[in-house]
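Chains A and B supply the protein sequences, listed in that same order. According to the numbering used here, the first sequence is numbered sequentially starting from 1. According to the numbering used here, the second sequence is numbered sequentially starting from 1.
Simulated from the structure, these hints should not be mistaken for lab results. Be a bit skeptical, because a hint or two may be false.
[As the list claims (entries may be wrong)] Cβ-Cβ distance ranges computed for the label pairs, FRET-style: (1) A:Gly-300 x B:Val-151: 54 to 62 Å; (2) A:Asp-240 x B:Met-46: 34 to 42 Å; (3) A:Ala-341 x B:Met-46: 29 to 37 Å; (4) B:Val-151 x A:Pro-285: 33 to 41 Å; (5) A:Ser-165 x B:Gly-190: 36 to 44 Å; (6) A:Asn-190 x B:Lys-129: 52 to 60 Å; (7) A:Thr-161 x B:Phe-231: 41 to 49 Å.
For each residue, glycine too, the CB sits at the ideal point set by N, CA and C.
Chain residues, written in single-letter form:
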Amino acid sequence: MRNRNKLTMITAASVAVLTLLAGCGGGSGFDDNASSDKPTSDSSQELTVLIGSSGDTETKAVKDAVAAWSEKSGTKATVQVANDLAQQLSQGFAGGDPADVFYLAPEQLAGYASNGSLLAYGDQLKNKGDFYDNLLQTFTYDGKLYAAPKDVSTLQLVINTDMWSEAGLTDADYPTTWDELADVAKKLTNDDHVGLAFNGEYARIGVFLKQAGGGLVSDDGSKAIANTDESLKGLTEVKDLLDTGTVKYASDLGTGWGGEAFGSKKAAMTIEGNWITGGLSADYPDVKYKVVALPEGPAGKGTMHFTNGWGIAADSKNQQGAIDLVEYLTSDDVVMGFAKAFGIMPATKTLADTWKGEFPDLSAFMDGLDYSVTVPTAKGAADVVTDFNAQLEGLKTGDPKTILDKTQTNLEAILQ
Amino acid sequence: MSASQAATPRKGRARKVPRQHIDRTGQEISGWLFCLPMIVILGVFMFVPILMALWVSVSDWTGRGTPFGGNVSFVGAENYTDVLAKPGLAQSDFGTALRNNAWYTLIVVPLQTLLSLALAVMLNRKILKARGFFRTAFYFPSVTSSVAITVLWLFLFNAAGPINAMLKWFGVNGPNWFNDPQGIIHLLLGAFGVKNGPAALTEHSFLGVSAWDWLAGPSVAMFAIILMVIFTTSGTYMLMFIAALQSIGEATEEAAIMDGATPWQRMWKVTVPQLKPTIFTVVTLGIIGTWQVFDQIYTGTQGGPAKTTLTTAYLSYSAAFNSQEWGRGAAISFILFVIIIVMTWIQRWVMKDKKMSRRKRADYEAMKAEARSMTKAEVMSLGACRAGKHAATATATATVAGKE
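With the hints as constraints, model all of the structure from the sequences given.
Set out below in structure tokens:
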């Protein structure tokens, strides 16, 4: 009698649990085949914009721009600042209720695009032709354009002009070859600071690989070229520079990044992008600097560019509104407003000259777009780059060939 | 205490007669009804999510929409073999995380247990002034948010931070703590001129990490985190030990003093054996806590430098949220679950009261018989010379002798 009661109870409990499970399964209201050809346009739905902000100025500029669009279009839109953009986006996609418009990093594109979270709205974008082609390529997955580039940054050589003249160097001495770079780094090194410091990661060291004609993947992203002779030559050059003691990783100077090492006067030169200007004027206003092009390697000029895009969720209830918003946010006036507010570089060809006119000291960054390469964007590439970065931290004591061979194996595994 | 225990069964027996009239079925139903809220809460927030995660770990869910949708299919143990058997980045990442975490556990658990025990014993001494102040001071790190402590630690252990400045007073050039990926064992071996491992170690590998690298020890960066965790958790466990110490009572301690046991002997032969249940709790909680370490890594180092602070729990998170490999992330968390169960089971087995061997038991019986046959005067003269060796036995003897 008692045992049977228990059995009934257990059965009832199991049934209840299974019902709950089933409820989780079917009840989320998500329709797998929602991605039809025509964008949804329920304009009564409020749009949510999720951004990963660099600070108050950026947040305010984006909020103002979005508010201006709301007024113009009559569709409500709110801006949310994410603490951890990747996590909050993933959560939204998994829950079926993501933000409508958001910052999209290229390394996340493949993951989100392959699981259908993103709306491939590229063809509906009216100002598509304005963007640099290599930036559009970055946001293309499986032949479809998933995001409009929001802005772009390139790396160049930033020089502390006081230290430069202190070392007896003039404008004629800006390094144009690797040998000259090693030479000035030596001249700029003294007891207080080293000649050159940069982050020990692919997103900086990659410029040397490019200057030697190598890199991680071929231009179309289909082939791994990490352990070619050219790449090896580039990485060996970095190791040689580190061995001289006049070039150091920023972390070895006790700083978080190249800009901090440069600003706190622990290094006379650094390799950083245009974002450094904001950091320097905020934290180290007394440092005088000049931006010049990176030196040429055996294969000519080379640098890296980084971009961020505006992604739109496939689950958005008002995709048409979201596309309008992105068009507005990438329009010339708004982008120039952003550039003046928090120092971004426009991703459109139409604005290149305007921007250079506005910021003549930084024109080297804009010129870099002509010969720049970006990080690989295949699915799983972010993990490979993380692993490459981990090995680069031990470059000083490690063997460049071993590092590149391992990275090559990892890249081949994700590219097949 | 003992009086109330004795009273309870008697009361029970007295009430047995009217109880038979109570409707047992109704009682059982109301019992279930009272438990129902908790069962539902546990079911919805624990049992169901665990089952869902288990499903995700054997599926190819990509992180969009529900994992029970039509386009998610069963892939068997693929996510598990990716990290356990198939050579590649996923496997070597998992191996690295396991290596880091094993060293972390190996160092943190014994040190935090010993430190908290030492603190508790010191704070339990009557002679100590301002006990309340010290108790609060040592417990304080435990109630502070781990994020705040991590930020503090990043500042203290900066290459040009206070810790290195202090080391400089002693002429030591401190390491660049949170950016130094070198293993501590490797550094020690390097001091003796061993820079590269023997071929026997470098050629063989397990989970994509060579035996030489398994033996690297925690990196300098991980060591800084280890120090931090010991600093924060020892306060919590200290509290447990203090509670246990207070319930021991002073009788045995005084008896041991009478028998002439030194403070060191009293500590290890009288106090510690009585703390065994608490030690078991502390070590178990320690093992579970150290295998689940996440906050410090997430807010502090994010796995760097050179993946030497990558832990299993953090790898599970980053595989799912950053790499969109949700199945793999879930699989890693279930492997972690198995590791924790096995580790706890092993330590339970190690710390279990073993059955005394027949010879040892016979020895004890002989000792007891000898003690009973002695006169009081004999025992008193014996105590001084014997206590040193068999403090515990002598105490027992004294008690027996006292009764006679």
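Hint by hint, where does the structure go against what was stated? Just the numbers, ascending.
Numbers 1, 2, 3 and 4 - these are the hints that the structure violates, sorted from lowest upward.
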